[in-house]
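Protein chains in written order, with my numbering: chain A, 642 to 1163; chain B, 642 to 1163.
If you're looking for bench data, these hints aren't it; they were derived computationally from the structure.
There may be inaccurate statements among the hints.
As the list makes no split between identical chains, a pair holds if one copy fits it or if it spans any two.
What the hints assert, rightly or not - Below 27 Å or equal to it, Euclidean Cα-Cα: the simulated BS3-like pairs (lysine-lysine) are:
no.	residue 1	residue 2
1	K1026	K961
2	K1157	K763
3	K763	K1099
4	K1099	K926
5	K926	K1076
Note that the coordinates shown come from a computational prediction; the quantities given were computed from them, not determined experimentally.
Number of protein chains: 2
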Amino acid sequence: MTTLQSYLKGQWVSGQGHPTSLVNPSTEEVLATCSTGGLDFKGAVEFARQTGGGALRALTFAQRGAILRTLAKVIGDAREELIALGLSNAGNTRSDAKFDIDGAAATLNYYADLGTKLGEVKVLGDGEGVPMGRSARLYGQHVLTARHGVAVHINAFNFPAWGMGEKAAVALLAGMPVISKPATSTALMAHRIAQLWASCAALPAGAFSFVCGSVGDLLSHLGPQDVVAFTGSSDTALSIRRQENLARDSVHVNIEADSLNSSILGPDAVTGTETLNLFLTDVAKEITQKTGQKCTAVRRIYAPADRLDEVRDALVERLKDVRVGNPADEKTTMGPLATLSQLRDVRAGIDRLAAAYEVALGGSQPVEGQTRGAFVSPTLFVNRKPKPDATDPVNGHEVFGPVATLMPYSSTPELLALVAAGGGGLVSSVYGDDKAWLNEVVVGIAPWHGRVTISGEKVAGQTLPPGTVMPQLLHGGPGRAGGGEELGGMRGLSLYLQRTALQGPRPLVEALANVKPAATPT
Amino acid sequence: MTTLQSYLKGQWVSGQGHPTSLVNPSTEEVLATCSTGGLDFKGAVEFARQTGGGALRALTFAQRGAILRTLAKVIGDAREELIALGLSNAGNTRSDAKFDIDGAAATLNYYADLGTKLGEVKVLGDGEGVPMGRSARLYGQHVLTARHGVAVHINAFNFPAWGMGEKAAVALLAGMPVISKPATSTALMAHRIAQLWASCAALPAGAFSFVCGSVGDLLSHLGPQDVVAFTGSSDTALSIRRQENLARDSVHVNIEADSLNSSILGPDAVTGTETLNLFLTDVAKEITQKTGQKCTAVRRIYAPADRLDEVRDALVERLKDVRVGNPADEKTTMGPLATLSQLRDVRAGIDRLAAAYEVALGGSQPVEGQTRGAFVSPTLFVNRKPKPDATDPVNGHEVFGPVATLMPYSSTPELLALVAAGGGGLVSSVYGDDKAWLNEVVVGIAPWHGRVTISGEKVAGQTLPPGTVMPQLLHGGPGRAGGGEELGGMRGLSLYLQRTALQGPRPLVEALANVKPAATPT
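Build the full structure now, drawing on both the sequences and the hints.
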């Protein structure tokens, strides 16, 4: 039996106490165990802050970018080994595992490039400077500097590689050391990446630490210059946000939690249009990719009321041939859920929806031919009388699996109210080509979302599935989704940088901010 | 006896239950009472969201800017009446009251101008767009849209006009309706402004509401699209941040709390320099203006160790002739604290510091000639052995009155550690002309501050006192200061706007974001 260790203070260490098991969710075989009991998290935080933070802040953005490029290469070089871990420990199909691993490497490379662009500086100017006084001499300019703390990253079970990679990329580029904690159940892939990174000479001592197992009392050691970035359930998010020392010391906390993402078919995307085809392809993919275990996967599908049955039949047609099974079998197109505990939750969620809606496909019953493992069928509901509030089960709770609900809308105001009833989400995807309708819908739902995708004939063959998170664009959303902001190019860096207004003599302020002096009128 | 009302759902209403008294802190005379018992806060939130929010979102930024210009004019027109209320209800000298009132009007006018610049649009582009796909057709662009909720503003007792004005300016410009609640003790000035605003035709129904008295259960009615901006004590800030419905729904919460602001004299600012003179003038002003009751007032003063006594003597010289008394007397140069409760807190704070440090001037004893009222003397301590941690009382607690502590430093690393021991602040002011030293100090303390001012010979005669908050520059600070960001031009708007990444066909996305298409290479 493999015992997974944590990497703290530059050492691989084993915890004491009752170990947690990591399981193959297809076979229920135990693959490894880990524990963090008794580990010195206080010392780890101090080591990261002082040794790691000091070393990173001594580097320029370009130098930190070069580190990220190395970290991406390490992942790329180990791609096949990591894919195998995704298949065994996370229930990933080969395609699912590649999506996770390649997403991690691509995001690290994107931020490596951003580092190159930001250049050989340690302080960034933020926006344009402003004259402050009666003459041009007194000048104001905002700057961004790395916070003097540690960034604790707590990731979800669904993206062991990408989750760790995207958070680490942004924090390290900003100049903050990272303590990364993956969800224990699927940690094998993250653990292997951590091993490769820890032995990587490019990374300064203390810049990266790794917790394999429970987070223990780690967060209680954080203070005013530290950061917590959490991806996971609303309940855990709530307890982190309300933890007294974090709230008292204004620790920067970024949350990415539940999201009842929606896909909307426009009235003009009628039978035979390329736009309808895009919609059906994307929705089917978002339901089944990673067995529906993506924070950006579609949960609510809206179609014009008079075409509800047509859309239902077309979706069923695309989903009915999904082959659920052990990803070790090459014929499998959808693997199991990540854990048996997730299986229980998803089955309960399906039963809750089944009590209220019509089942078009699937259900909570065991998958035919599977006697063990966390398997569930792709499941589509039809809710013919959706309500624009949380009393409608589809707006109350996210079922984190291959499960979505199709609903009708009769007017744009009704549609906007239904979408908003999700309480805030990561992404909504809109399919149509009528500019006036798109304008009304996109502006109407934007305040409730971190990202809105628009697909239609003009971008057919070019679009990205709405669930794919790109480093250039914001990832996060208001309300239920946690109110956080990750990625989005420079935007994601602000979690790790302090913004400070400098006010003083213009040449001095401009030199401090590394901004080129604006042309002064003569 | 005047009974002050609240303005909710477009009506002036009186609360039930035990009233709170507003007092003249010089004479202890009761000036008015108010109560919010039994008021319908749930209905007020819904009215503001629906009627006010709908009306504001239907306006362009330029139109909202025009409203702000009217609100500023209303304040300017009532200037003398408002000054009189500051003198009687807040212990303001005439100069203190003007600072508050003119600050409110200037900030409203600044954001009115910003509205004009943003123009006749309702959606703003955020940053540059990015090509997303294999061709130039698929495009990403971030946009900012008004949140569909209400902004609740809870202000501190020290700036009844400015606090309300600056928060309202930013929220209304963003397109969010405001419910403003001043600290009850000094609410007369804010109440008068609210009366003038409420009768102002420029402001749409529901765009502005006003709570005079306890906040009651107001915050429990907020949800995912709402905002709370709070200025006040750390303890109240902590309870707001941890309030379950706010944390669960990711309500945007901006906190501006305590701050142990510092002023630093550089080693080169020797006797006879203009820089030393600037330092002494600013420090004396920051200690006494508004009787030291500014969130940006100086609490910790650092001077080179070998010049500690010289600086002490020079500061005592400037502070000893301050005339403490009823601002109704024109010879008064510093009024009382705002309330008797503040007097108790400040006296206790002075006693705590007096137990540890040398008293250079003042103390907690009654002010000579004053037999009643919230009077306290300007008080300067010398802490000859400062420690870079919270065990040193000067780093542990803000005394919110005309009280500061002078301390020596012997090296730049020691200075940086001492300043950081404040745990995060709103502003630090640095006085010197040596570029290398300024660079090291400013970059070293920036991560701990929302603003750093640099004063020296090059800007002599041009500088603003460090405690003056300008709308162009950020107001807020990390850690102890609450971790918030207000003002700073466009930056302050982000509390009230949702940032959303749009991803779709380039022309459509650019039109939605109101950005001009970039020149496309042909």
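Now for the hints, and whether the structure bears them out:
1. With identical chains, the CA atoms of K1026 and K961 are at most 27 Å apart within one copy only, with a shortest distance of 25 Å there and 76 Å across copies.
2. Taking the closest pair of Cα atoms, K1157 and K763 come within 27 Å of each other only inside a single copy of the chain (15 Å); across copies the shortest separation is 32 Å, beyond that limit.
3. Proximity of K763 and K1099 under a CA criterion of 27 Å is satisfied inter-copy only: 26 Å between copies versus 42 Å inside one chain copy.
4. Taking identical chains as interchangeable, the C-alpha atoms of K1099 and K926 lie at most 27 Å apart only when both belong to the same chain, with a minimum of 21 Å there against 63 Å between chains.
5. For the homomeric pair K926 and K1076, the shortest alpha-carbon distance inside one copy (26 Å) is at most 27 Å, but the shortest distance between copies (58 Å) is not.
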